[in-house]
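Chains as they are written, first to last, in the numbering used here: chain A, 1 to 308; chain B, 1 to 308; chain C, 1 to 308; chain D, 1 to 308.
Accuracy of the hints is not assured; some may be wrong.
Each pair may be met inside one copy or between any two copies, as identical chains are not told apart.
What the hints assert, rightly or not - Below, in silico cross-link-like pairs of lysine to any residue (SDA-like), each with a Cα-Cα straight-line distance of 25 Å or less:
id, residue 1, residue 2
1, Lys-271, Thr-299
2, Lys-83, Asn-282
3, Lys-157, Thr-301
4, Lys-83, His-251
5, Lys-130, His-251
6, Lys-283, Val-98
7, Lys-227, Gln-4
8, Lys-83, Glu-20
9, Lys-22, Lys-83
10, Lys-271, Gly-302
11, Lys-227, Arg-153
12, Lys-283, Ala-226
13, Lys-22, Glu-161
14, Lys-157, His-180
15, Lys-36, Arg-228
16, Lys-271, His-251
17, Lys-36, Ala-288
18, Lys-22, Lys-227
19, Lys-227, Ala-308
20, Lys-130, Phe-164
21, Lys-36, Glu-295
22, Lys-271, Arg-228
23, Lys-271, Gly-214
24, Lys-83, Ala-288
25, Lys-157, Phe-176
26, Lys-13, Glu-79
These aren't lab readings, by the way, just hints derived from the structure by calculation. Since the structure is predicted, the reported quantities are computational estimates derived from the model, not experimental observations.
Here's the letter readout for the chains.
There are 4 protein chains.
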Amino acid sequence: MDLQAVVDDIAAKLAERRGEGKVADYIPELAKVDPKQFGIAITTVDGRVFTAGDATTPFSIQSISKVFMLTLALGTAGEALWKRVGREPSGSAFNSIVQLEHEHGIPRNPFINAGAIVVCDQVLASYKPKEAIGEYMRFMRSLADDDSLLIDRSVAKSETETGFRNQALANFMRSFGNLHHDVDHVLGVYFHQCALAINCVQLSRAGLFLAAQGRDPISGYSVVSAKRARRINALMLTCGHYDGSGDFAFHVGLPGKSGVGGGILAIAPGKASVAVWSPGLNKVGNSALGSVALEMLATRTGWSVFGA
Amino acid sequence: MDLQAVVDDIAAKLAERRGEGKVADYIPELAKVDPKQFGIAITTVDGRVFTAGDATTPFSIQSISKVFMLTLALGTAGEALWKRVGREPSGSAFNSIVQLEHEHGIPRNPFINAGAIVVCDQVLASYKPKEAIGEYMRFMRSLADDDSLLIDRSVAKSETETGFRNQALANFMRSFGNLHHDVDHVLGVYFHQCALAINCVQLSRAGLFLAAQGRDPISGYSVVSAKRARRINALMLTCGHYDGSGDFAFHVGLPGKSGVGGGILAIAPGKASVAVWSPGLNKVGNSALGSVALEMLATRTGWSVFGA
Amino acid sequence: MDLQAVVDDIAAKLAERRGEGKVADYIPELAKVDPKQFGIAITTVDGRVFTAGDATTPFSIQSISKVFMLTLALGTAGEALWKRVGREPSGSAFNSIVQLEHEHGIPRNPFINAGAIVVCDQVLASYKPKEAIGEYMRFMRSLADDDSLLIDRSVAKSETETGFRNQALANFMRSFGNLHHDVDHVLGVYFHQCALAINCVQLSRAGLFLAAQGRDPISGYSVVSAKRARRINALMLTCGHYDGSGDFAFHVGLPGKSGVGGGILAIAPGKASVAVWSPGLNKVGNSALGSVALEMLATRTGWSVFGA
Amino acid sequence: MDLQAVVDDIAAKLAERRGEGKVADYIPELAKVDPKQFGIAITTVDGRVFTAGDATTPFSIQSISKVFMLTLALGTAGEALWKRVGREPSGSAFNSIVQLEHEHGIPRNPFINAGAIVVCDQVLASYKPKEAIGEYMRFMRSLADDDSLLIDRSVAKSETETGFRNQALANFMRSFGNLHHDVDHVLGVYFHQCALAINCVQLSRAGLFLAAQGRDPISGYSVVSAKRARRINALMLTCGHYDGSGDFAFHVGLPGKSGVGGGILAIAPGKASVAVWSPGLNKVGNSALGSVALEMLATRTGWSVFGA
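Chain A on its own, in the form it takes in the complex:
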């Protein structure tokens, strides 16, 4: 299969639709991004890279970072993490607080905001706040094989200043005893993790271990066990697109994680790691063109985990 032709074709077909969707506006810095951008990058398990469009333009990783911070937290806490956060789709919006009240402060999964905040809190059991961010950066640079990755401090600051909803979630969980560290410290880590600037090439490279049984197939470095890689993929498939996870599985059929920056990381187990990016979001908060691009890709490649 000529993957370069596939991505070129997808980029060409979507050229006219650039600008669809609505750029996230609740984080002021994100609202400034030009909506007419689209990029895609595929890194295969044998190390080839295929790109089209704005594949080297950095964007804000936002919630896609939850996959990587979860990986870090599982590394320090192991399966005990699952006492503090569930593994079920939420059936509600990414920032809903209703479920937390009904389930006594235990978030439904690590990919909704509340769950990701608990994951940060767990990491703070092993690291001080600044160290935690340092560890995360070291991890991301290593996975992306690119030491130039940086946090966009203006985005981190923008989130810190307007993050009332996340403040609410964190304080609410703390009232149930499911947050152990100072709320501002936990959210400091969370907002910095989300503010990482990354491009499609780097992101697809960083996710490659999930397509390769937990091992980075290029460096040979073992990131997680094969079992844990499968489980993270399972969580991405059932919970990775908030209340659009079922639809993404239905249309694309790959484990994936989206962010409000407009990026999506998708994993084709045994085959490739894919990153797409386009800032306009659909009504459930996932990249509009990114979702379409991945559906086209899955159709063309037959990579759906649900059958060729």
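Given the structure of chain A, go ahead and fit chains B, C and D onto it with the hints provided.
Quick look at chains B, C and D alone, frame taken from chain A:
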């Protein structure tokens, strides 16, 4: 891989645990079943069958039937069905009515009770009630390649008499205009579809088309398109185990659908269709031993869709 | 105080606003009513009657009947009734089913639909369905001192045919064991009780015992104890206007019960029973002009229970 | 009526039951209070005072303060306040956040925590934080006619340190734009208002204007209009006891406001203001013995607003 050795080993390892879980007691007829039973059957896409335990003992198909009735309804209504039922995990119990009120009578997916009732209603747009049941039986016998399949009338009657919750769901949806036929007719079809008696061998045979791109690989008969087969698998993975779907994906990693009769149908795309049965249910209503058996099977075979 | 002048003045002031609000359309027979009608009647505890507008035009009593059926049920079951229905405002719409799921089939109060259905079920512990309706009619005719009161069979039939939501509520409660009789029998009573045709004069007369310590001050007949009369008034004040009860207490300050037929019964303890009627409803389902009329009346008379 | 005999009798009858209920333990300072205390004070509109038990022992006013801060806020903002907070019973616990999500950050009424926090925020439109607390103290001392009233700083500090749930509520409302000031400033005012130490005599005196058409009948000072006094009483009756408001109206029949410190203020319009205090709380968070005492008082005096 010696699949016979695998299923024998699973059956042997679970022998001591027979009786775990709690038999469904809200349907009086089901409460009478001996809990110490366990069966497993694998039908591979190349037509081989492997069994262990009580693989030829009939049990009540219950909610696993939702996969087949959905297939029938998509055949008559096509994608228009999705205007009346969603494709997202529910985040709540199989018989919850709360979500229906919040979302104006549109069930979250076709595998919770409310969604399956809408699916029945859709089938009644093409068939009269008795014809609908007849069509369903014809379909099941054809898929299972076994004309001896029968509905257990005592179970159907048992459900009809105590099905107040389903009456509530159906009437509630009708109040929103999302049910078009007489409630008793719709539920009549629904209760009969759930009361089909089937065994593991028959069930694994019936689901084989979902492992084989929509085509029955033995008869060569095309049941659905490859795309539709993938989509049904996606729905099974994200929504097939009620509020335990995330956990099933995490531990087993296969599309699956459970029923309160204790059966589970699991699909390994491109490889096999698997049926397990053990009457005791875990706390979210899925077969306790059946779930464990499938996790063991996935581990031994590497069939998880999320990577070997 | 010249009460006749007061009601004349209210009717005059509201003449221009006749037709405000929206006539209930979910019961087809009610949708046919001319919206430009308004009536008011006051019956004082010393037996005087003051009327203005369409005070002798019959309308459908609808939910106001819940006050009277509750009185009957308390008469047969006593305080044991409160094991099956709560006494708290619901914080949701009159026909919400969400609360029932969260509170295991116990309705929040006897004035939301679910609670009124339980009240009917309780009455069926003492009477067969037809007898229950007969007893209710006997009671209403006695209280209104008018043997001409009749049930409007076309309204009863209209509700029976479209009452899917109430079917849902009843079946849902039955699934929790909080309904003991056949759903159709219970709803049969309920729909007939709601279909009573009554006018303002009759209604204000029927409610008089609640203004007079439980005793009909004209006939001298003791309907309920003074304590029970106070308690029914308390329930009317906290729960009598669905999710507009707080607002009604804030603006009017009298125990009251509204119906979707556009009627409201209000009680001024120690002073009078008041009935108003105008078919147009406000957004929470209470008579728009009726609410305004009662606020004007309370202001003019100083009858608010919260201070002159 | 010999009110002294009434309160003596109530205190005597409850002597054996002292210690019933459960002292609030989520505020550490409150958990230290001796549960076996009980006090009652009645101040009549003609200025007589009747007391029994621990009527001069100070306790923490807690949520009863919401009545007074609401009075202040209405004084500065007028009826515009009602755009930011509703007037309906909540149908849920005093600190529930679910309703806020469903109703877009508008609290149901000013007596649940979220509503009281909005009220504080409104006061901060007119005063700086320290001035707001000063104004509140000036108001309370004036109403209680006692300049010795003080805030218990250890209680205020205790709440500030553990008030994660209120932090969550405040941040949540801020995310909806329904909080305009710094969360810490708003909560600073809120925690100080709740930490006022007051005794039954002072509290019954402070509430007297609500029993006397808004005017302090002793000083002659007009606190609010008669209409506003009625409306505050209405809010107390429908919303003053959280999710036990209906029950309090049913059993006692007086406007009242409870606090987790164990105090209750009850108003008999035109007759008296009553304060009771006993630290043990019932399951909905209201003083167990205090509720019983008020029911006895209402029965003995015939002061129920729902009829003698």
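Checked hints:
| no. | hint | result |
| --- | --- | --- |
| 1 | Lys-271 / Thr-299 | both (15 Å within a copy, 20 Å between copies) |
| 2 | Lys-83 / Asn-282 | between (33 Å within a copy, 18 Å between copies) |
| 3 | Lys-157 / Thr-301 | neither (40 Å within a copy, 48 Å between copies) |
| 4 | Lys-83 / His-251 | between (32 Å within a copy, 16 Å between copies) |
| 5 | Lys-130 / His-251 | neither (40 Å within a copy, 34 Å between copies) |
| 6 | Lys-283 / Val-98 | both (20 Å within a copy, 22 Å between copies) |
| 7 | Lys-227 / Gln-4 | between (31 Å within a copy, 24 Å between copies) |
| 8 | Lys-83 / Glu-20 | between (40 Å within a copy, 23 Å between copies) |
| 9 | Lys-22 / Lys-83 | between (36 Å within a copy, 24 Å between copies) |
| 10 | Lys-271 / Gly-302 | both (11 Å within a copy, 16 Å between copies) |
| 11 | Lys-227 / Arg-153 | neither (35 Å within a copy, 44 Å between copies) |
| 12 | Lys-283 / Ala-226 | neither (34 Å within a copy, 28 Å between copies) |
| 13 | Lys-22 / Glu-161 | within (22 Å within a copy, 40 Å between copies) |
| 14 | Lys-157 / His-180 | both (23 Å within a copy, 20 Å between copies) |
| 15 | Lys-36 / Arg-228 | neither (37 Å within a copy, 33 Å between copies) |
| 16 | Lys-271 / His-251 | both (19 Å within a copy, 22 Å between copies) |
| 17 | Lys-36 / Ala-288 | within (12 Å within a copy, 50 Å between copies) |
| 18 | Lys-22 / Lys-227 | neither (37 Å within a copy, 29 Å between copies) |
| 19 | Lys-227 / Ala-308 | both (23 Å within a copy, 8 Å between copies) |
| 20 | Lys-130 / Phe-164 | both (22 Å within a copy, 24 Å between copies) |
| 21 | Lys-36 / Glu-295 | within (20 Å within a copy, 45 Å between copies) |
| 22 | Lys-271 / Arg-228 | both (17 Å within a copy, 23 Å between copies) |
| 23 | Lys-271 / Gly-214 | both (13 Å within a copy, 23 Å between copies) |
| 24 | Lys-83 / Ala-288 | between (34 Å within a copy, 20 Å between copies) |
| 25 | Lys-157 / Phe-176 | between (28 Å within a copy, 20 Å between copies) |
| 26 | Lys-13 / Glu-79 | between (43 Å within a copy, 24 Å between copies) |
Of the numbered hints given earlier, the model fails hints 3, 5, 11, 12, 15, 18; all others are met.
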